[in-house]
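A.B. asks: Take a look at the letters that make up each chain.
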Amino acid sequence: MDFGFSEEQEMLRDQVRKFLEDRCSLPQVRAIAASNEGYCRDLWGQLSKLGWLGLTLPEEFGGVGLSWVDLVVILEETGRTLFPSPLLSTTLAATAINEFGTPQQQQHWLPSLANGSCIGTLALLDETDFLSPKAIQMTAKASERGYLLSGEKRFVQDATVADVFIVAFRSGPANDDLGLAIISRHDKGVSVEETEGWDRTKRTGVLKLDTVQIAADAILSETLLGAQAIEVLIDRGALAVSAETIGVCEGILNLTSQYALDRKQFGSPIGRYQGVKHPLAEIYVDIECTKSLVYYAAWALDGEPNEAPAAIAKAKAYASQSVCDAGVSGVQLHGAIGYTDEYDMQLFIKRSKWSRATYGDEDFHYDRVAKFGGL
Amino acid sequence: MNFDFTEKEEAFRAKVKQFIAVNLPAPEQRGKDFEKQWNVKLAEQKWIGFSWPKEHGGGGGSLIEQVILKEEMSQALAPDLGSDLMGLVWVGPALIRYGTEAQKKEFMPDLLNCQSSWCTGYSEPDVGSDLGSLNLRAVRDGDDYVINGSKIWTTKAHVAKNIFLTVRTNPEVESRYRGISVLLMPMNTPGIQVRPIVNIVGDHSFNQVFFTDVRVPVSTRLGAEGEGWKVVMGALANERSGISESTGMERHLDKLKALARNSLKGGKPALEDTEIRRKLARFETRISAMRLNGFRNLTKQIKGAQPGSETSINKLLRGMLEIPMADLAMGLLGNSASGMGEWQYDSFNFHGVVIGGGSPNIQRNIIAERTLGLPKD
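Residue numbers (our numbering), protein chains in the order written: chain A, 1 to 375; chain B, 376 to 752.
Among the hints, erroneous ones may be present.
Here are the simulated DSBU-like cross-link-like pairs (lysine-lysine), alpha carbons at most 35 Å apart as the crow flies [as the list claims (entries may be wrong)]:
id, chain 1, residue 1, chain 2, residue 2
1, B, LYS480, B, LYS678
2, B, LYS632, A, LYS371
3, A, LYS353, B, LYS654
4, A, LYS371, B, LYS643
5, B, LYS630, A, LYS134
6, A, LYS350, B, LYS751
7, A, LYS371, B, LYS640
8, B, LYS390, B, LYS675
9, A, LYS18, B, LYS675
Read the hints as simulated data drawn from the structure, not as lab findings.
Chain B with its partners taken away, still in its complex shape (with noise of 0.2 Å):
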């Protein structure tokens, strides 16, 4: 057991501490050009597509530097890496293991050169955490595949130039999770609508997607046929164990403490309230928790493992930080908790982050069917 990095690691850090230095304004200061500049020179250092292959235009990073890598963007408040999250996330990785050489040449360069823009269509009106059972039809026609039916909670396909689909090529198989197949087409593709959804802040974000007799060549399928399931979950090989994540919790709780500590409560300094205190000492003792058992998943992945629902406790502990700091900011408010500000807008929106990719229920069921071997509902 040790916390030590190499010498390779901790140059690596400095070199990424150095590039913030010299490359990253702070937040005030980043003018409307300012992601697309830094994803440019994200990309000359190939940070972009950090954890792929060489071979692949990647950046081979090792797990430990691509930790190290998104840790200090993290921490220094940087924007994601890479303004197309859905393409570095899902694509990138399902094209590297899965893709065509046509379909690596058409789709890699623009990924790592931060000119993509992907959605991935996983849900639909009537699936959601059943995902298994998803339902879009792909009929087989000759060379091509005529697609109908509908995607939602699609988020980004009103700008998105493409998208990654996954739909339902054979409705036969005894295993519903055998039928489906990925497809990899452009936005524009005739007969394919975007029905915008407006979110709870207003926001829109995501979409309704119908498919209406839209026909694509056989040849957009990303896989073998019917082996889509197989390409949605082989497709984050990537790091995750989510020490980023924690890193973003830890300045999320740095807010939620300055605001505590500029907060009155029953007329006195809201920081001489034990249950204020206590409160903010367990959303510190389980972030803490987080960022290590991401330590420790990183640890058994290096070390050859692949990453089981471990990813889930994170994502569930995530949900339970995200539900309470909300609700403790809120507490702090009083009555300008019914107002508008940074904080109730956060009460709202911080819902996205935790039902998106499967919500705390969902992950409770992984973790006991898969971990604790107790039978599917």
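Okay, chain A solo, but in the shape it has when bound (with noise of 0.2 Å):
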């Protein structure tokens, strides 16, 4: 029994936190966030190198062959210093592939995804933002060569500058007629638009499809892979955004109990009152029960899949309320300063909003819990 992280782990944690301090702090993560792309391609030339972009994938397709507990390490760090980069949405993607694929899929595309030279991303959701493999309505058209797609896709993260997609498509009405298409951005029929959010170290987007051709050997695995596998990649979502919300919450409780020290009212600081030091402890509770969650959640994930649902259920559910409440608070403690833009807590709130929505928010996951709970 070690419920804690290795000594290869701990180091893993401090590279990322120091590569991020040196060469991404916050005044360089605003100057990303006011960019048309939204990442910083030097930036993610080196994640590449460093080996971040394929860690979970095995080594013969480029990747490092780690586990999702190592991602969480990771994840954990880009939360705290809102780190923007498409490297959630093309893990996600490899992911598809690694979990799905082919061979011949996973050796095509895996190793550009490792290397960073292609960004990839899930395209799930439908005109709803219902999060259920019944939402999914985009219906694919048989055709000779396969299968003809039209349609759009919302939702999608970092959709601007990804070359590649995995669509989840409707073949039928059962619940099972479902598939993943691999689609790059160069198809014929494919565009894409951004959507406007508030989080701008967030980007989202919508995948237009007019008449696309999916060849067969565009199909994850050859055949449909029904609802399960959309489920799988719902979890997985999940499971990578609570990891960074964990990040973003200790980004906020550093920022507001250093202000808490450095501002001082009615002659003391103002840390000292028990209406500022009681909503810190609380964001500070909430912030050890997410990493309990999260970290047993990406260990099921792991060794004990068939935990996973619902142990990723649980900390998704907790992340999402608990971000959303550290993001007032820590609002609400700054007073008017933390209402500007030209201080940094706006960032830590856009981003709490994104970030309980995404994958599902608190009442999406309690609800799923009390389903896996028996209720």
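Could you fit the two chains together into a complex? Lean on the hints.
C.D. replies: Here it is, written out as structure tokens:
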């Protein structure tokens, strides 16, 4: 029994933290967030050299062959500094191909996703944002060479910079008539449009498909995968966002605790007053609980896959609620300065709204927890 | 990171399960003498004082074995290990660490054989959360201390044989923590008077204890004079991860789910109500977090770290669970909530657990000051 990180994992954490502190502290984050692309190509190239892009991919495809627990270490740190990059999206797209793809598909896509020359993302959701295989309505028409796909996918992370999309589609009305297609940005009939959002460190967009030809070898696993594969990807996404959320909450706690020490009112640092102290203690408790739930869920994903869905639902539910509360407390405890554009708290509360919603908010995941818990 | 237990640990768990299967009757079949007989059997297994070193008569159980033992017991709805909770949690570990040979000889055998019953004197009428300011005076007079003053909220003082008493031996030191000492004495020492205090549910569990010219020899002191704060703080060296507490909360949630299953809300099954489902899911998630926090703390302890304010986190979580869980139960009962029954009783009684050992706001202070480094109030 050892519910802690190994020495190597602690070293990885130090490495990521130092890299991000040196190369992408909050002023740089602001600069990247103000750019059109929303990420920095130079830093992206370095991530690939450091092995973070293919962290969980097998070594034969240019990955590092590590586990989800290791990935959580990196994502906590990218969350802490609000690091803007398509790391999460690319990791999830690569995961989909790694888990469900044919050897040919893996050989074709994974090395370029691992070395950063290709940016990938998931495109699962349709008109509605309801996260369920049932809600996937985009229906493929069978054609001579496979399928034809038309329609729009919404809430596609990093849509405008992605080179490849893993698109969920329906082939019939039954629950399991679902498949995943690999669609390249350059395929005929593919276009993307950015969706405006408050958090400029996370970019989202719409993927538009106009009679796009899906060849048989672009269908993941060649045969349709059914609803379960979609659920697996939603779970992976929920866990990845939860891991980043830990860092976001820690960023909020650090910023606000420091302010509570520095800011003096009524002759004393405001952190002396219980009206300030107690909400900060609550954020800390929530962070510790989220860590426990996320670490366990990551471990389950690696070692006890049957336990993973329930563990991930708990982790994301708790993370969503915590980050939402921490964002609000963070601004409120700062007072007026927290409501300004110039002060960094605004970056964190904007991220908190994104983190809460993406891959399911607390209501969505608590409903799953209730179901898994026999209710 | 792994959640695997070693073969030895698994064998120990199997042994505990087997012991429970053979010796523990179902809760409704436990007679009047059950606890006494049960404790004798536990003592034979060396599971009373299981965490204490073997050379002091303890079971020498590792941190993980302690967790396994407590978890299995909690799972099987067994009573706490040993009836003398105060003696086992506070007195035993403090004796082992600070006791003289004579003190150990006097008190350890009874503790290990379930013959002891201790109460602990901490709070005073004017001193609760701010324990460092305690005021019960013990004045040195030759080879004796003469004690005058009072303790309050002293659980079991009316039945305990002995008291673990915190006193102020020196009121004039710079740091108020430095003038405190710990004394061990029989409750039948002349000059000790116990006044019962009836609690919110009509039970007599705690008391006020008055000390009028109580004279005890200096040899009753545990640890050095003025070092009592250290004795109190160092006493909790045993497993404090809170894992078994979360097992207890899981059973509590099972009961709440069963209540929800059999309740109606607005004429429809309560479990069709989204809000009720989400509340139950929140409790379940928080209990999981508590349990996993426990495993993270345990891992830190095994790797040699001293427990810090981590224990405050689970203590606080317990409060954040007990209060809304009781609230949900009362809501499910509808008009019956104003009547008598198990849930109604619990809705008053849980306050004892949540306040005892430091209220939630005190835990928030501890976390903010010790972990976040915010200034003391």
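A.B. asks: Now tell me, hint by hint, if it's right for this structure.
C.D. replies: Evaluated hints:
no., hint, verdict
1, B:LYS480 x B:LYS678, "holds, 33 Å"
2, B:LYS632 x A:LYS371, "holds, 12 Å"
3, A:LYS353 x B:LYS654, "holds, 22 Å"
4, A:LYS371 x B:LYS643, "holds, 18 Å"
5, B:LYS630 x A:LYS134, "holds, 34 Å"
6, A:LYS350 x B:LYS751, "holds, 32 Å"
7, A:LYS371 x B:LYS640, "holds, 19 Å"
8, B:LYS390 x B:LYS675, "holds, 26 Å"
9, A:LYS18 x B:LYS675, "holds, 24 Å"
Of the numbered hints listed earlier, not one is contradicted by the structure.
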